[in-house]
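One letter stands for each residue in the lines below.
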Amino acid sequence: MTVLDHRPTASVPGWLPGATGPRTDPAPLLPDPSPVRLLGTPDLEKADPALLLDLYRRLVVGRRYNQQATTLTKQGRLAVYPASTGQEACQVAVGAVLQPQDWLFPSYRDTLAVVSRGVDPLEALTLLRGNAHTGYDPVATRTAPLCTPLATQAPHAVGLAHAARLRGEPVVALAMLGDGGTSEGDFHEALNFAAVLNAPVVFLVQNNGYAISVPLTQQSAAPSLAHKAVGYGMPGRLVDGNDAPAVHAVLAEAVERARSGGGPTLVEALTYRLEAHTNADDATRYREDAEVAAWREHDPILLLERQLRSSGLLDDAVATAAVEQGEELAARMRAEFHAEPELDPTSLFRHVYAEPTQQLQEQAAQLAAELAAEAAR
Amino acid sequence: MSTLTPAGTRTSTMAQALNAALRDSLREDPAVHLLGEDVGALGGVFRITDGLTAEFGADRCLDTPLAEAGILGTAIGMAMYGLRPVVEMQFDAFAYPAMEQLVSHVAKMRNRTAGRMPLPITIRIPYGGGIGGVEHHSDSSEAYYAGTPGLHVVTPATVQDAYGLLRASIASDDPVVFLEPKRLYWSKGELDPAAAVSAAAEPIGKAVLRRTGRSAVLITYGPSLPVCLEAAEAAAAEGWDLAVLDLRTLVPFDDRTVCEVVRSLGRAVVVHESTGFGGVGAEIAARVTERCFHHLAAPVLRVTGFDIPYPPPMLEHHHLPGVDRILDAVARLQWEG
Chain A
1471 MTVLDHRPTA SVPGWLPGAT GPRTDPAPLL PDPSPVRLLG TPDLEKADPA LLLDLYRRLV
1531 VGRRYNQQAT TLTKQGRLAV YPASTGQEAC QVAVGAVLQP QDWLFPSYRD TLAVVSRGVD
1591 PLEALTLLRG NAHTGYDPVA TRTAPLCTPL ATQAPHAVGL AHAARLRGEP VVALAMLGDG
1651 GTSEGDFHEA LNFAAVLNAP VVFLVQNNGY AISVPLTQQS AAPSLAHKAV GYGMPGRLVD
1711 GNDAPAVHAV LAEAVERARS GGGPTLVEAL TYRLEAHTNA DDATRYREDA EVAAWREHDP
1771 ILLLERQLRS SGLLDDAVAT AAVEQGEELA ARMRAEFHAE PELDPTSLFR HVYAEPTQQL
1831 QEQAAQLAAE LAAEAAR
Chain B
21 MSTLTPAGTR TSTMAQALNA ALRDSLREDP AVHLLGEDVG ALGGVFRITD GLTAEFGADR
81 CLDTPLAEAG ILGTAIGMAM YGLRPVVEMQ FDAFAYPAME QLVSHVAKMR NRTAGRMPLP
141 ITIRIPYGGG IGGVEHHSDS SEAYYAGTPG LHVVTPATVQ DAYGLLRASI ASDDPVVFLE
201 PKRLYWSKGE LDPAAAVSAA AEPIGKAVLR RTGRSAVLIT YGPSLPVCLE AAEAAAAEGW
261 DLAVLDLRTL VPFDDRTVCE VVRSLGRAVV VHESTGFGGV GAEIAARVTE RCFHHLAAPV
321 LRVTGFDIPY PPPMLEHHHL PGVDRILDAV ARLQWEG
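Those protein sequences? They're chains A and B, same order as listed.
Those letters in the first sequence? Residues 1471 to 1847, by the working numbering.
Those letters in the second sequence? Residues 21 to 357, by the working numbering.
It is worth saying that the hints were derived from the structure and are not from the lab.
This one's a predicted model, so the numbers in the text were calculated from it and none came from an experiment.
Treat the hints with care, as some may be off.
[Unchecked claim] The following label-pair restraints were derived from C-beta to C-beta distances: (1) B:Val343 - A:Gln1836: 54 to 60 Å; (2) B:Arg276 - A:Leu1818: 22 to 28 Å; (3) A:Gln1836 - B:Asp261: 35 to 41 Å.
[Claimed, not checked] Chain B stretches covered by chain A per the calculated footprint, using a threshold of three residues with CB under 8 Å from any CB of chain A: (4) 74-81; (5) 87-98; (6) 121-131; (7) 237-250; (8) 269-277.
Heads up, the beta-carbon is just placed ideally off N, CA and C, and yes, glycines get one too.
Next comes chain B alone, as it looks inside the complex:
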């Protein structure tokens, strides 16, 4: 554990935890450099970089021109020279111009150079809906990233994970797409930074059971975790004792933990905001079915956003998976058999 990481537990929002993770990473490793749009004086549109330019200077936390491919391309060059850049994309749907740099270079450079040129870049992207954003501000783009070999895809759902997983992502020698569920930015929880960075406390690639149960498991991540926990509470009243599994990392995928839980319970529902067709949930349902078929009492079901462009904010609650839709899926898990 680093001597620079503050000890003790405090109540924090997810936004504050992310800010603390960036600050502590900047303090501990001079190679860490932040860059993005409005990350300087403003502290980012979500204030995740609040105060960092003031504390570390523009050399370490840089307001760039407004061009996402240029930001990520510049970060690649910085990483080639031995720095450890952390890039902020302002919103999910504004990250698409950087897609070519991400797919053709960030994801492939280690492979293209036989391991000689790794790119330890963290790309932070606020994602998902539920904040009343107008179009292009609420996309769930994780399937694009998860489908690109060479990237790690990480998404926290708790305050403690926001800190721990971001620290681990920045420390990783592989590039990480770090998806921040923007509707959880203001959620509160306990933060213990020292515990988060202590050995293997928050490893990338490890799912965690947020709620134990005996009937079925809800498999989820990021913004859908609180919804699933709420659904599990509601289900208890109807006689279902639901477990809730938080994946935390989409790539590398924790097959082992997922399969252990599914095999022990025999029923599973995958829940995410993103569209269903070709989504991460489809991959999970397929993997679970391939590996756990003889333990399943019912097909693996998915509760996802509809296969539509993200709706206008006044209609988004119809699109987002909610407690009722999750409970409907649980009810369809062939209990009568």
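With the rest of the complex left out, here is chain A:
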């Protein structure tokens, strides 16, 4: 039994003059216009307390990770760090929702999601430190390299999910994107391929309002980014991206749908980048202080902590333990990144091809001779 031969769309039934109306009903695909929220709603009572505490711990540790990486960048220890400060609910929900066999396809702002997924926090930063490209094993961790060219990782998620489905393995691929990325052609092609192939993929768009400096109004005239899903024939879901339990619930539903053969989902999470785009950016040139202040009041940690304390789930001991875990991680980062990395210039030629070409062997010998001459000086 093959996967694709039995699709009902192998031909276009009834493609005759006079056919009218949409081929499928778009109504079930439309996102609810108000973003899904759980915090402060009765629905939260159905949530697993252990999950809520796990999300809280991940948020606190994740914020500390973002802060420490930002500090290390200001100290010149990392080349660049696109912080997800303020977006941690999306980042950690991804880590919590994926099963070990699933795959994550992150963008450059998703280092924390990669760490939350289980990748070593220091290995996740080699790219941004600048001593190597991808520091972790993407196959062993089922985590694709952090992707810089926007949305180009989205079709990879589709292909991987498709391959897993061909092999009959219950693997889901989750691709992370930003609002700017939805303007890229690869975003469109990935969603179209995913829907046509019925691939088990979840596309998570963290809409933080700005693509570096360009606001969403200049990025898209769609009713919402989640509405774009309808054009591809997949459901779109809109969620409060700073409500960690809500992001987790919406993603969990989409992941389950994908795993059970229901196909892809586009999730738009409304969130905010509290820091500038990177250390090289000046966000005061394009954002008002009042806007940033309003989002600080809607901080994902603040929202969850307030709720957990009022419901009695969180006490000082648990909160302190989370802070201590964050401090341990930060100390580990400082210890690692204040030391000079070991660099091996001859490694430049090692992984260009399976076997180095004659030309690369000659160039490696040239560099080795230059290094030897330098050492002899």
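Following the hints, complete the assembly by docking chain B onto the known chain A.
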């Protein structure tokens, strides 16, 4: 040699040889998957995938939506999961939307991941002119690919090579841009599949002398090989005994064979359809000059397409290197010295 590869020699077109290579690869390796536009029921616009969906099913030979970046991006994901995708781009100039996936990911993934995530993808691209195609159907885009580290660039010029090099490309753990000279699709020759896959019969990265000679060598590849062989025949009447070297692989480049031939003859002309400025021929002329300078009796000359957008089909014969233009170049190899 595989037990599944048919034994014996038969007369075949290049298109049939490519089809046979795909079929035999699909049979022998369950990881091989084909995808592209119109590769299913139609068998591709050049019929290179003829009958493959019928034989192997849509799971193995997939008609995709019409989007080249999406096709190659999807193939990347499939390769990440352990499959061995073979992608068909419908025409040379239609492959450009996939350029970002090719340059930023296909070419770099092994390097970006310290060897942990190789991408064994073969990207088949019909290329070159001479078939009367209207604009955007006749580009020679090899220099773009050859200038991108991490890719192998392979182009067959004979029926036997079409089979052998495609099998080797699909079996390669490195990504291969496999450029099919579309005006040779209907050329005929002897095909011996078993010989082609037998050990090192058709290795990637090995140039081969198609004609020996004592006067000078024409260095060429792909669609220009038959033109060069014809020119060598014509040159014999004028007293020049020309060798013809078929590169077969642009990357990795076979410096050793090229330099051996040039050193022994002292005169060389590089011939290709693609534009000359910044083209593969410029690289070859520079490499040969750097390595063989004291053996050269004349500068290495190039006979290439003009530095113009590909012309309308009724004018293309003025653009493409022909026998006369090649002979003119041979005449300029400073024989009087």
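Each hint, compared with the structure:
Roughly 41 Å separates the CB atoms of valine 343 (chain B) and glutamine 1836 (chain A), a value that falls outside the hinted 54 to 60 Å. Arginine 276 (chain B) and leucine 1818 (chain A) have their C-beta atoms about 23 Å apart, which keeps the hinted 22 to 28 Å range intact. For glutamine 1836 (chain A) paired with aspartate 261 (chain B), a C-beta distance near 38 Å keeps the hint of 35 to 41 Å intact. With a cut-off of 8 Å between beta carbons, the stretch 74-81 of chain B has 3 residues touching chain A; three or more are needed, and the interface restraint holds.
For the stretch 87-98 of chain B, the assignment as covered by chain A holds, since 10 residues bring a beta-carbon within under 8 Å of that chain's beta-carbons and 3 suffice. Counting residues of the stretch 121-131 of chain B whose beta-carbon sits less than 8 Å from any beta-carbon of chain A gives 6, enough to reach three: the coverage restraint holds. Look at the stretch 237-250 of chain B against chain A: 0 of its residues bring a Cβ nearer than 8 Å to a Cβ of that chain, fewer than three, so the hint is violated. Counting residues of the stretch 269-277 of chain B whose C-beta lies closer than 8 Å to any C-beta of chain A gives 5; at least three are required, and the coverage claim holds.
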